[in-house]
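Now that you have both chains on their own, put them together as the hints suggest.
Here are the chains, one letter per residue:
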Amino acid sequence: MTMQCEQFEQILEQQDEGALPKPALAHLETCEACRALSSDFSAIHDMALELGAEDVAPPERVWIALRNQLEAERLIHEPQDALQSASPAGPGWWAVFQRPAVAGAFLGLVLAAASAVGYLSNAPQSAVHYAQLTPQQGTSSVPAADSVFKEEVLTVGSDSIPGLQRQDIAVTDSIRRNLQIVDNFIAICEKSVREQPDNQMAKEYLYGAYQQKAELLATAMNRSMTGGLQ
Amino acid sequence: MNASYSSPVRLSALSAVMAGFILAASPAQADRIEKHFAVQSKPKITVRNSTGRIQVKAWTKKEVLVSWTSKSGKTAVETEQAGNRVEVAAMVNEDAASADDSKTDFEITVPVESELSVRTDSGNVTVDSVHGDMTFDTVGANLQLSDVDGYMVVKTIDGSLLCTRCSGKLEANSISGNVQMIEPTLDSVRVQTSSGNIFFDGSFLSRGIYIMKNFSGTIEVHFSSSDSFDVNASSLKGDVINQATFKPDTHGTPHPASKWGHSLFGTMNEGHAKVELTSFSGTIKILKRD
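Chains A and B, in that order, are what the protein sequence lines are.
So in our numbering, spot 109 of the first sequence is number 109, and the numbers just go up one at a time.
So in our numbering, spot 29 of the second sequence is number 29, and the numbers just go up one at a time.
It is worth saying that the hints were derived from the structure and are not from the lab.
Values in this document were obtained by computation on a predicted structure and should not be read as measured data.
In this text, a Cβ means the ideal position worked out from N, Cα and C, and glycines have one as well.
Wrong hints could be hidden among the right ones.
As the list claims (entries may be wrong) - Computed list of lysine to any residue pairs in SDA-like fashion (alpha-carbon distance at most 20 angstroms, straight line):
{"hint": "1", "chain 1": "B", "residue 1": "155", "chain 2": "A", "residue 2": "218"}
{"hint": "2", "chain 1": "B", "residue 1": "35", "chain 2": "B", "residue 2": "105"}
{"hint": "3", "chain 1": "B", "residue 1": "169", "chain 2": "B", "residue 2": "203"}
{"hint": "4", "chain 1": "B", "residue 1": "57", "chain 2": "B", "residue 2": "36"}
{"hint": "5", "chain 1": "B", "residue 1": "237", "chain 2": "A", "residue 2": "187"}
{"hint": "6", "chain 1": "B", "residue 1": "259", "chain 2": "A", "residue 2": "204"}
{"hint": "7", "chain 1": "B", "residue 1": "62", "chain 2": "B", "residue 2": "81"}
{"hint": "8", "chain 1": "B", "residue 1": "155", "chain 2": "A", "residue 2": "222"}
{"hint": "9", "chain 1": "B", "residue 1": "57", "chain 2": "B", "residue 2": "190"}
{"hint": "10", "chain 1": "B", "residue 1": "42", "chain 2": "B", "residue 2": "109"}
{"hint": "11", "chain 1": "B", "residue 1": "237", "chain 2": "A", "residue 2": "204"}
{"hint": "12", "chain 1": "B", "residue 1": "237", "chain 2": "A", "residue 2": "188"}
{"hint": "13", "chain 1": "B", "residue 1": "247", "chain 2": "B", "residue 2": "263"}
{"hint": "14", "chain 1": "B", "residue 1": "237", "chain 2": "A", "residue 2": "196"}
{"hint": "15", "chain 1": "B", "residue 1": "71", "chain 2": "A", "residue 2": "196"}
{"hint": "16", "chain 1": "B", "residue 1": "237", "chain 2": "A", "residue 2": "195"}
{"hint": "17", "chain 1": "B", "residue 1": "247", "chain 2": "B", "residue 2": "276"}
{"hint": "18", "chain 1": "B", "residue 1": "169", "chain 2": "B", "residue 2": "190"}
{"hint": "19", "chain 1": "A", "residue 1": "191", "chain 2": "B", "residue 2": "190"}
Claimed, not checked - To be clear about the criterion: a stretch of chain A counts as covered by chain B if any three or more of its residues have a C-beta under 8 angstroms from a C-beta of chain B, and this derived list gives those stretches:
{"hint": "20", "region": "168-182"}
{"hint": "21", "region": "186-196"}
{"hint": "22", "region": "209-221"}
Chain B with its partners taken away, still in its complex shape (with noise of 0.2 angstroms):
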């Protein structure tokens, strides 16, 4: 009887004390370390790592706050403030041996009206809701933008590009990544990627400029029946796809049929804004939406 009491009580001390060890046992839990910069309007953050995530998001306070986490504890975060520059850097050392060692795990809190500079090499990277010019330079790291306003410049090796309700300017290059617009308001687009996809689903405003260029990839606009722009089209190896009803462009320069590959030209409505579209062997659509 006694026992049968005693026993689950023992157990529950037992498994208590080896919940002990094996918390002993595992690694330390990563410490998040915070800081806190005081700055005006419009500060620039300047963001650099090796691999990990990066999340930068937009509050109404006058404040940059940074806060990260590095798991193998092999990585050292300096940080420096003048005025309204402040600049994060994590810092491997020496005795990292592999990618996890040198992961550090940035979040970033910046007021709405901020520039930023990110390289990191791996690791996602999303920016949500900040107003401001922003570079992005990075290798193998995915980038999502969402509700930014700017001027964008994107730099990637064959990191992905996900702009969603993107306004202001945007210029993305890249060898492999894929590029996709959601939703953009954007006035000028200068996209190129060699192996990677681009996808265009928004208006195309007045007075834009939108050139897409790829290699082998595909190429997607989506347009509506309202919007108006000249379009110049190009795949020398591939094809091109087209449910739009284009009137010959009349004030553009006259476009002699190449002999090579297939081109499209024309205008839709007014013309008001530019779209070249152009890929070696990767098939251009141009589709209506729905």
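Chain A extracted, bound-state conformation (with noise of 0.2 angstroms):
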């Protein structure tokens, strides 16, 4: 029987490390919209083991694909051009991410790209490093993780996680509240990091409040996706 699309994602998901099974390679062979997802998960889960690198650069489709969908969501306020320009991710890619295991898939994924930024400033050349968490200045037509990190996980807001409204109002309310106390600690946290640039502790937190949102957004899209607690 041919696999479908729906069945190999559900594969996908599951899949750990190692080859496939053989209808998952057979349906491969057939859809090239499921062999795109298969490799844009293997490029991000090999960034993501790369922690160490010098250079965490997925392949720059993976991030302009996000990039596009997150404005399709809306989920990004302000679009940039040069990404915007290039050139656009095969239709049906951001559906998976409807689905709430791929979803929170993707955001651990996200999360270790953060952890990623703070190993990297972690390390003895962290004033290097650092430089990155501002905007950079066309040096590579790749962004790298930590900017594409900030520019695009920090920037969304509660308002616009799809079926968050739609749930119970204490429930919206509290973390729509709490989304704006961790976007508060991390505008503080950042002021500090600027202002003191060899201050570990002040690093430890700001990773700390990248890692807190980037949870808050899971969870938020969790509940949403899922109707609540269904």
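See the structure below:
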């Protein structure tokens, strides 16, 4: 029996390491969209494993696709022209993120990228890497993971999480209020790190706040996508 | 005469009829439903709820009793048992329009030795006298644990945690919730909240590790003169208020004075426990217990 895309996505979600089963490989040969999806996941996964690498640079199209779809979902407040003009992602790429498990996995990978930022900044050459926290001026067409994380994930607002408005108003208010708290902490920490670049404690708090925001968004998306707790 | 005699009777009858009408017109009384699950030693109970109160208490029977009420009638509770695993989930109907519609209150009685996993959005959760590992995942639900023993993991967004006479290990993570540990006998504490306060009033056990961290709230720990612990307290923008007399830490790594913020390092008695208190802009208080 021929495998469908949905079945393939389920296998991909559950696949930790190693080769895909034969039916999934057969499906890959015939389905361009799933090939792209598999390739993207592999790229992000590999990137997450390379926490100690000097440059965390996944394929450009991963970030372009992510950005385009975040824009399409109105999850980004201020789209950037430079990346907007790049080639669009394949249709349906974002659709897979509507699946809670995949969204959770993705946010996990984003967290890994955030951890990589922290790891790099803790290295002796931290001053060099810290410079990446501020917008870079065209040294490369490929944005570093930390800057993408900062530009993409940290600009997500509570008003733009799909389905969140449908939830229990107390829950919605709680998530909105706490997103504001975390955003405020991020702003305070960033200011401290800018003023005191060698202050390790301020940096640790900044990365902790990044991680907290990503986790909060994951919770919000999980609650909204699954219609609460169902 | 006759009229004056009959008037109270007629009034009573009228009142009874009116009361009947009022009762009939009011929403139906929420039905309480019970289910019993026979289990062997140490069952694992998983509870999923959207909103409503969850009360868990222990008894000596080898049985899990789950009872619930849904005032709106717009939730359905599904239960499942497979051996020592019992799962309970409140499912909200599609026509549920408000938080009240989604509300289901649970009362669950479990064997003393039980594992718990609770996930809810809002509504209070109380657990009393249960011994076993526990996980709690909430958005705004407040959590009260009393006389529990085990490895407890709490994740909440702005729910508070009150842990009274808790034993074992505690990991708690919140953004704006407060965390209070009253008379704990915990040998491992890892508590983090951003804007919430942290309060610890208990003994630091030998070999225990106590890590408490926040961003802007107050961290307050109470010690007694017989406690034995190393302390490392740092607040980047806030104050460190200390009533203890510490001697320099002789068995740990040297702590160079930080040029940022306020820090305190030292040892009380032999330093058998390790206490780390960290805040970004909050005040850290190390106070002597009366």
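Hints breached by this structure: The structure breaks hints 9, 15, 19; every other hint is satisfied.
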